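S.K.: Each chain, letter by letter, is given below.
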Amino acid sequence: MSEILLQIDSVSRTYRSLGGMFSGKRYHVAAVQEVTLNIAAGEVVGLVGESGSGKSTLARMVVGLERPDHGRIMIDQHQINGARGTTLRQLRRTVQMVFQNPYTALDPLQRIDDAIVEPLSNFQPLTKHERKQIVCEALNDVGLPQRLLHAYPYQLSGGERQRVCIARALSVKPKLLVCDEAVSALDKTVQAQVLRLLRELQQRHGLTILFISHDLAAVNMLCDRLAVMRRGRIVETGSCKQVLSDPGHPYTQSLLYASRYLELGDVGLR
Amino acid sequence: MDIVNVNPADVKPASEMRRLLRAFLRHRLAHAGLLGLLLITVAALVGPTLVHHSAQTSNLDAIYSGPSWSHLLGTDQLGRDLLARLLAGAQVSLSVALAATIVASLLGCLYGLVAGMGPVWLDRVLMQFLDAMLAIPVLLLVIVSQAFGESSLLKVIVVIGLASWMGTARLMRTECGRLMQSEFINAAIMGGASRLSLALRHVLPNAAAPLLVVVTVGIGQAVLIESTLSFLNLGVPSTLPSWGNLLGNGMSSMLSGAWWVVLFPGLMIVVTVLCINLVGDGLRDTVDPKRRTHL
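Taken in sequence, the protein lines are chains A and B.
Here numbering that gives the first Met the number 0 is used: position 237 in the first sequence is 236, and no number is missing along the way.
Here numbering that gives the first Met the number 0 is used: position 113 in the second sequence is 112, and no number is missing along the way.
It should be emphasised that the hints constitute simulated quantities derived from the structure, not laboratory data.
It should be emphasised that the depicted structure is a prediction, and the values quoted were computed from it without experimental measurement.
Please note: incorrect hints may appear among the correct ones.
The calculated lysine to any residue pairs, modelled on SDA-like cross-linking and capped at a C-alpha distance of 20 Å, are [what the hints assert, rightly or not]: (1) A:Lys172 with A:Asp112; (2) A:Lys187 with A:Leu255; (3) B:Lys154 with B:Leu139; (4) A:Lys172 with B:Asn185; (5) A:Lys127 with B:Lys154; (6) A:Lys240 with A:Arg195.
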């Protein structure tokens, strides 16, 4: 197997309610508990589980938007948790994220070209000509027409916005792309298009993708390997085909059952 | 089947601001307010050149003469033409209010941004301090400031500014809190944006619309504060005509039956603040349609 790009090493994160003077009982939510997961370079790994199972928390820790309480996360031999300031900013070039809701992930006042070029311009000064070239290439890469160059986000459909988000994430040429429910807010046909695009981009750029979703069909379409998460723990890992055809853990079975039920309704149950 | 192919680039990229402007222009009461403000501003700018009398020359033959053709709004206790003084006062009052609001807005924005985007401990300290500031009555602040230096226009501006930045600061702080939660800010952080660039490129522009509302209403408040202070002889130097000074001078005239000396400056203040508030309401409704009040 090729080298390990992302190494999640017994990572935990607990949320605590802020205990005020009058706020009664404090409570703790262990969002992620002792999660260990390694992802090799060039691999596409799906992370599935129901809402509240800690997928998003894990994703936010991987990209350094949140810090784990315990454990460590290594990306390309650099530790991302605990990194600060300039070090963290440099690591942003290695790992990027596509967010769940394309309607809120773009600044409504920022034109498409500015949005796409912003991450790169944070790292290096760009001339006007370079900017234009980069944006054109990026739009091309994600299959968007050049005429959207100066459009505002509200003029775009959900699918187009998500393509812009992907282009923005890829503009710094990251090695790891974390997609947090990246297609969940889109309708089925657009989902398929965006998934196909992700697959294409993955092959073209040799990307490593951590794809977080509750949608087993989407995961099946994109991923090589699968990790199933429940209540902050990973309960099952394996190749996509294996997990989906022969789930070992009862929780995976119930997930699969639920998704079949939704997809085929009564017909599938007979 | 016809395929309608709309090129988004052909649709003029109406920015958020332009859409808001269009919505604002549909607001009727705001129209009235805007028209009123426009009239008052034009009157303040060109009015003094159109009136035959000067705001400062006294005419002892015409003390307390009522509204007539030669003095449209009458004269005061020194026989000075009230219309001329009212128009000159408009310049002073409006520019003081505007300048004070600019001071307050800049201060408030900066304060709110630092509180909203800085470390948590700083946020706590700053917001506690702001609450403490809100508890100090404006008049007390002004009276204390009288102890330092002579009264001047600049001082009035600074004092009013210092007394009214809290609303803007609190709004900015709230907007920061709201925006910092949003995914596009997270996306910008992921893109390696520094705090400063987050603040200038994403937070400030997205907070501009609600800020505009507060700033507009703030101008009206500043007009009121200026009038109050000048009325009490704590504001604009009494040698300069301002609406508050006119009111203050007029108080003694009331006893001699010269009602016009008080009525007209008072009316100007009321109408101006009303117009500003109508415009502010219009802006608020366009920015936040959920809070629209039907009139």
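S.K.: Is the straight-line distance between the alpha-carbon of A:Lys172 and that of A:Asp112 20 Å or less?
M.R.: holds, 17 Å
S.K.: Between the alpha carbons of B:Lys154 and B:Leu139, is the straight-line distance 20 Å or under?
M.R.: holds, 15 Å
S.K.: Can the restraint linking A:Lys172 and B:Asn185 be considered satisfied, given a maximum Cα separation of 20 Å?
M.R.: Holds, at about 18 Å.
S.K.: Given the hint that A:Lys187 pairs with A:Leu255, test it: the Cα-Cα distance must not exceed 20 Å.
M.R.: holds, 18 Å
S.K.: Tell me if the straight-line CA distance from A:Lys127 to B:Lys154 falls inside 20 Å.
M.R.: Status violated; Cα separation ~46 Å.
S.K.: Going straight from one Cα to the other, do A:Lys240 and A:Arg195 come out at no more than 20 Å?
M.R.: holds, 18 Å
Going through the hint list in order, the structure does not satisfy hint 5, though it satisfies all others.
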